[in-house]
Amino acid sequence: MENKKRKGDVLFSKYNRGEGIKKALSITREDILFELRDSKLKGRGGAGFPTATKWTIVAAAIADQKYVICNADEGEPGTFKDRVLLLEYPELVFEGMVIAGYTIGATKGIVYLRGEYEYMLNSLEDYLDSMRRDNLLGKNILGNSKFDFDIMIRLGSGAYVCGEETALIESLEGNRGEARNRPPYPVNTGYFGMPTVVNNVETLASIPHIITKGGEWYRKHGTDKSSGSKLFSVSGDCLRPGVYELPWGTTISELLKIVGAKDTKAVQVGGASGICIPKSQFDRSLAYEDVATGGSIMIFNENRNMLHVLKNFMEFFVEESCGQCTPCRIGNVKLLEGVEMIEKGEYKFSYINQLKGLGKTMQVASKCGLGQSSPNAFISILENFKEEIFNGNGGGNGK
Amino acid sequence: MLVMEKNAMTEEIELLVSKYGQSRSSLIPILQDIQRKHKYIPDFAQQEVARLLDIHPVEVFSVISFYSFLNSSPQGKYIVRLCQTISCDMQGKAAVAKAIERELGIKFGETSRDNKFTLEFANCVGMCDQGPAMIVNERVYSKLTPEKAVQILNELK
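The listed protein sequences correspond, in order, to chains F and Y. Every letter in the first sequence is one number past the one before it in my numbering, and letter 85, counting from 1, is 173. Every letter in the second sequence is one number past the one before it in my numbering, and letter 136, counting from 1, is 384.
In case anyone wonders, no lab produced these hints; they're calculated from the structure. Be careful, since some hints might not be right.
What the hints assert, rightly or not - Think about it this way: if two alpha-carbon atoms lie no more than 25 Å apart in a straight line, the pair counts; the simulated DMTMM-like pairs of lysine to aspartate or glutamate are:
1. 422(F) x 333(F)
2. 399(F) x 337(Y)
3. 110(F) x 238(F)
4. 285(Y) x 476(F)
5. 355(Y) x 403(F)
6. 196(F) x 337(Y)
7. 325(Y) x 386(Y)
8. 422(F) x 337(Y)
9. 353(F) x 386(Y)
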């Protein structure tokens, strides 16, 4: 286990194990939903759906069985905050799941852990056992005769697309991880057709803090539309890469200063599926109002070749596209070919513009978030770094 | 496959089915356990899993072919997955990859003659702050240098 010396105002603030579950079981489900709504917590996976709304729909549904799923399939390039949360703060994540179970009326929780994180499996199982011994998990939790809840961990097998919630559910059901049509959403028709809450690791980890300290306390951090704090996974050209808890609304230049980045040319926010921000826009803030993100921050300094960066992203999408829908399966291959043409200097501007159009088609015509967001990097890098990429010897210029 | 091997495999899969339950949702955990032990899922095992879960063998194969950590052809005893995504790339992935290739005498995508190593590239393994990183079977190694990576592999028995 990594050592616990992190500083932060919300997620990394002081927390005593078991506190959240104890508090939650002493109040009503409506009270929990009220605090959650008051906190204005939004899903931390990147899409930003209000957590209270999700839970309320599932809580109101009538079904024999409901499920809580923790999406720990963090595959977005440049993201590793869930690794830190699961290794250093498992109590927050698992207690968040128990509280979710209590609130919506579920008895089963499933953690979908990405296959790459299999090395954590034993320590997480041990932690769940210790929760069972302390009656924080299992039957009649903390003596509450009406509440049973248990958590099992299931491993992924190396498919990025399974981070998409319906693909994740398909994978849990024993199928190829191909996204479903939405609607219906998992809140109505989820795991085995039952109402299911699927939350990101970081979202669930926020829950025990909100329950113990209140929605109002949570809302005090961050901005108007983006309450609380955010974990940023920072990597690339800087002195101190790692996970940082910062309030929403922090600007990119402030963040660069904190992590010790110098001569920065560009910042990729939101991973391969996010957007590339050039130096001229470093005053933009990280928040749902401006640049929304799941927390991946990759920093590129003046010496980096942005075409090489783009090629790396496109190779990623070509490999990870599940192949189910045409815009994503073929589109990503065409965009990668376009990048390779530019690299060799064998391109026509008219064709590159056509490819940008293709990217826009993919954004609307793809079935799931993968194909809808994969052209973002292509469009934003070619637009923001056109001098570097096109003025010179076919892309070799920026090096 | 010899008859004895087949019988042992059937027995092994029967145990897994009773451990995880005879439902479709047990398919992936069962395949993962077979993969972990044998480093791939032989044709015969696929047929047995299908028979015991009462699904078509093609369904089993379609799942195996979807996930990059499940294989239907033999792999080395150690499957080395070097992260190729941009953060690890910028921290010197290419030099590490070349050193490993030179040392083992095989290219990425290949398996060594003695069936000890299979080399693969992986997409982001979540170690971007400590790159370059690789996963060997279930273990993760970070902050690699060409020398360190080769040393790690040479120490594996």
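For each hint, the structure was consulted:
| no. | hint | in the structure |
| --- | --- | --- |
| 1 | 422(F) x 333(F) | violated (38 Å) |
| 2 | 399(F) x 337(Y) | holds (12 Å) |
| 3 | 110(F) x 238(F) | holds (16 Å) |
| 4 | 285(Y) x 476(F) | violated (50 Å) |
| 5 | 355(Y) x 403(F) | holds (19 Å) |
| 6 | 196(F) x 337(Y) | violated (40 Å) |
| 7 | 325(Y) x 386(Y) | holds (12 Å) |
| 8 | 422(F) x 337(Y) | holds (23 Å) |
| 9 | 353(F) x 386(Y) | violated (36 Å) |
Checked against the numbered hints listed earlier, the structure breaks hints 1, 4, 6 and 9; every other hint is satisfied.
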